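For the protein sequence lines, the chains are Y and A, in the order given.
Reading the first sequence from the start, the letters are residues 1 to 94 in the numbering used here.
Reading the second sequence from the start, the letters are residues 101 to 186 in the numbering used here.
Worth flagging that the hints you see were computed from the coordinates, not collected in a lab.
Being a predicted model, the structure only gives us computed values, none of them experimental.
Worth double-checking, as some hints may not be accurate.
Straight-line alpha carbon distances no greater than 30 Å define the calculated BS3-like cross-link-like pairs of lysine-lysine that follow [stated by the list, open to error]:
#1 A:K133 - Y:K61
#2 A:K179 - Y:K31
#3 A:K133 - A:K178
Here is what each chain is made of, one letter per residue.
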Amino acid sequence: MDLETHVTTVLSAAIPIFTVSIILYSIRFFKGPTIPDMVISVDAISYAMAVFLTVLAVIFKSPILIPCAIVLMLWAYALDIYVAKYLEAKEYGD
Amino acid sequence: MITLEVYYLLMAVATVLSTVATYFAVIERDLVKAAIFSALQSSFYALIFYLLMAPDIFLTYVPVSVGLYTALVLILIKKTERYEGE
C-alpha cells in the first residue's frame, strides 16, 4: 500500500466520526434551553463542518474547495459577534 | 475508498436536520431563537451545496444566509419587539 491509500483510508474513517458529532451537536442545539447554548452549538457545528469540508477537499484532491471552509468559519464567528452584541450591548455601533 | 452512497447518506442527514431546523424556526415564538435556527438551516444547506460540488454557490450562500441575513434580522428585532404576539 502506498501513502495515498493510507491517507485516504484514515480520512474515510474520519467521516462517520464527524457525522455523529454533528448529529450530537444538533441534539444539543434542539434541546438547548437558553440562547447561549444554541449559539455555542451552532458555532461548534460550523467549526466541525469546516474541518469536515477540508477533509473532503483532501479526499477529492481539489484544493479549490479549501476557501469554502475558511469562509464558513469566519461567518460563523461573525454570527457569534452579532448575537453577543444583541444580548449584551443592544447597539451595533450606529 | 469511499463509495458514492456515503455522500448520498451525508446529504440525507443534512437534509433531515435542516428540515427540523426549519420547522422549529417557523413555530418558534422568540424571534432571536428563530434567527439562530435559520442560521443552522443555512449551515446544513451549505454542506449540501458543497457535497454537490458547487463551491461558487457555497461562497455566495454562506455570507448572505449566515452573515447578512442573521445580522439584518437581529437589527430589525432590536428596532421592534422580541416576542411574537398572538
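Hint by hint, here is what the structure shows:
{"no.": "1", "hint": "A:K133 - Y:K61", "result": "violated, 38 Å"}
{"no.": "2", "hint": "A:K179 - Y:K31", "result": "holds, 28 Å"}
{"no.": "3", "hint": "A:K133 - A:K178", "result": "holds, 13 Å"}
Checked against the numbered hints listed earlier, the structure breaks hint 1 alone; every other hint is satisfied.
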